[in-house]
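> Chains as they are written, first to last, in our numbering: chain Z, 1 to 248; chain Y, 1 to 307.
Keep in mind the hints are simulated off the structure, nothing from the lab.
Among these hints, one or two may not hold up.
[Claimed, not checked] Calculated lysine to aspartate or glutamate pairs in the EDC-like style (CA-CA distance at most 20 Å, straight line):
| no. | chain 1 | residue 1 | chain 2 | residue 2 |
| --- | --- | --- | --- | --- |
| 1 | Y | K107 | Z | E157 |
| 2 | Z | K245 | Z | E157 |
| 3 | Y | K140 | Y | E117 |
| 4 | Z | K241 | Y | E117 |
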Amino acid sequence: MYTLFYKELLRFSKVMLQTVMAPVVTALLYLLVFSHVLDEHINVYDNVTYTAFLIPGLIMMSILQNAFSNSSSSLIQSKMTGNIIFVLLTPLSYLEFYLAFMLASIIRGLAVGLGIYLVAIFFIDLPLYSFGWMLLFGLAGSAVLGSAGIITGVWAEKYDHIAGIQNFIVVPLSFLSGVFYSIHSLPEFWQQLSRFNPFFYMIDGFRYGFFGVADVNPVISLLIVLAAWLALACATLIMLKSGYKLRD
Amino acid sequence: MIPAIQIDNVHKHYGKVHALRGMSLTIQQGEFFGLLGPNGAGKSTLINIIAGLTRKNSGNVTVMGHDVVKAYRQSRYSLGVVPQELVYDPFFNVRELLQIQAGYFGKGKEINPWIDELLEGLKLTDKADVNMQALSGGMKRRVLIAQALVHKPPVVILDEPTAGVDVELRNSLWQFVQGLHREGHTIVLTTHYLEEAENLCERIAIINDGAVVALDTKEALLERGVGKTCKVVITLAKPLEQIPVALQPMLKTHEQNRIEFTLQRGSDSIMALINTLVSAGAEISDIKTEDADLEDVFIELTRAVNQ
């Protein structure tokens with residue numbers, strides 16, 4: 001299992017410019033634009049500037065999107081080029097297969113998150129209320145999206161399928177999860193709707209690690225995120241065990 | 001002795017298509033075994049089932065005594081597969097790829113001397129640090145062989161490994177594979193080049209329509225052909241526009257001045273063949289008769305089943 005995990009790390013590190021640097025730059029551009037326009041107009045939490053509020057959300061959004069990208073793009077590439085056969089011919093179990101891809105997704109997500117954090121703290125004074133909470137949500141959130149990426153990568157038959165899930169599900173859910181706002185600033189209907197979005201709990205809990213303030217109790221958020229992970233992990237393992245679209 | 005590969009009454013359905021119809025085969029350790037059959041006969045399905053890439057509907061398959069489903073880890077440790085398609089991972093160079101492949105089988109740095117040996121044996125040493133994308137088709141094919149052997153499996157399956165490979169490379173690949181066989185590896189080969197099977201394999205199974213239609217030593221199979229058919233090659237002074245309808249069942253190839261027929265000994269007559277051709281206006285300049293080769297046996301057997 002370690003080799004498959006290592007191979008996945010090596011794969012994305014060989015194209016670091018595309019897999020880590022590019023998402024960091026994108027997040028920083030969001031930060032530059034939104035903070036410049038809105039910093040003096042919006043105050044979400046007491047004593048927290050809008051720019052500071054925005055950074056954890058952007059970090060988490062990037063962690064989630066990149067964790068999804070890592071497993072889904074690696075799998076679809078391996079399937080399209082046919083080199084997935086070299087993994088399928090080995091004695092690896094479906095559980096090892098899952099763990100290797102999921103762990104690599106977590107590392108990619110966290111690498112992007114760390115990159116954004118390191119650049120952001122050069123310019124903004126960002127508090128860190130609890131490293132533990134922040135890390136827990138970072139790990140659990142990227143595990144959820146890494147698992148979703150595996151399901152998508154196994155299911156997809158062309159790159160277009162991956163792009164579809166990414167653009168029509170992952171990106172909208174992450175944008176509408178409170179990255180740019182607190183859900184308390186939304187009308188009641190949209191507040192309630194946001195509570196059905198698992199990304200909201202990931203971002204809210206992650207932000208709690210920075211400010212010690214959250215829209216929802218972080219313990220509840222963590223339980224919801226862990227439940228989502230458990231559900232997706234079970235679905236992924238059932239899928240892999242059945243050989244769906246991998247072993248006909 | 002435990003067979004290298006044991007296949008017992010294996011069935012595989014793809015929807016309504018019955019790809020394997022109760023196939024049974026035993027390949028002994030140390031054999032150089034040929035698996036022949038036309039496209040769609042079920043060769044790849046069978047190989048994929050042995051390798052664990054495809055799941056059978058019923059029956060049993062073992063590799064070195066290990067069930068490919070219940071003891072898949074042990075069976076995969078015992079098996080190396082060279083796939084038919086030229087597939088590779090574009091992110092890595094040759095050495096990285098081999099180290100990764102060995103790692104999947106639990107091999108660490110101790111495997112490096114073997115990787116060096118493989119690279120040398122397959123004339124890849126100077127390409128060890130070259131990215132896969134930069135290699136020629138022939139080089140990629142050699143890397144596929146190295147990948148299949150990197151965990152030192154006792155049984156090696158080569159699925160049409162010389163398709164699209166030039167003659168020189170083909171010969172060097174066969175020398176390498178023959179070396180492996182001499183060292184005690186069991187080799188299973190599928191190929192479209194019947195000449196290859198004839199030259200290399202000790203025993204051959206001909207499969208068609210999901211079933212084994214012949215399984216014997218190469219000599220015995222050729223004997224069947226020799227006993228039943230003979231080849232008549234006729235060279236004409238000038239090309240014949242159309243071969244007479246009466247001769248169509250015997251016709252094997254027709255290229256301008258050269259016409260090749262396969263005749264059934266006992267029932268077909270060479271004289272009748274010549275007379276029919278002359279009546280059709282053919283000017284015969286040369287006639288050769290030859291015993292059947294493996295290709296004739298193959299065509300004969302697969303045709304018989306299709307009829």
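> Against each hint, give a clear statement of whether it holds in the structure.
Quick rundown of the hints versus the structure:
Our distance criterion of 20 Å between C-alpha atoms is broken by K107 (chain Y) and E157 (chain Z), whose separation comes to about 32 Å. At most 20 Å may separate the alpha-carbon atoms for a hinted pair to count; K245 (chain Z) and E157 (chain Z) meet this at roughly 9 Å. For the suggested pair K140 (chain Y) and E117 (chain Y), the alpha carbons sit about 17 Å apart, so the restraint of at most 20 Å is met. Pair hint K241 (chain Z) plus E117 (chain Y) does not hold up; C-alpha atoms about 36 Å apart against a cutoff of 20 Å.
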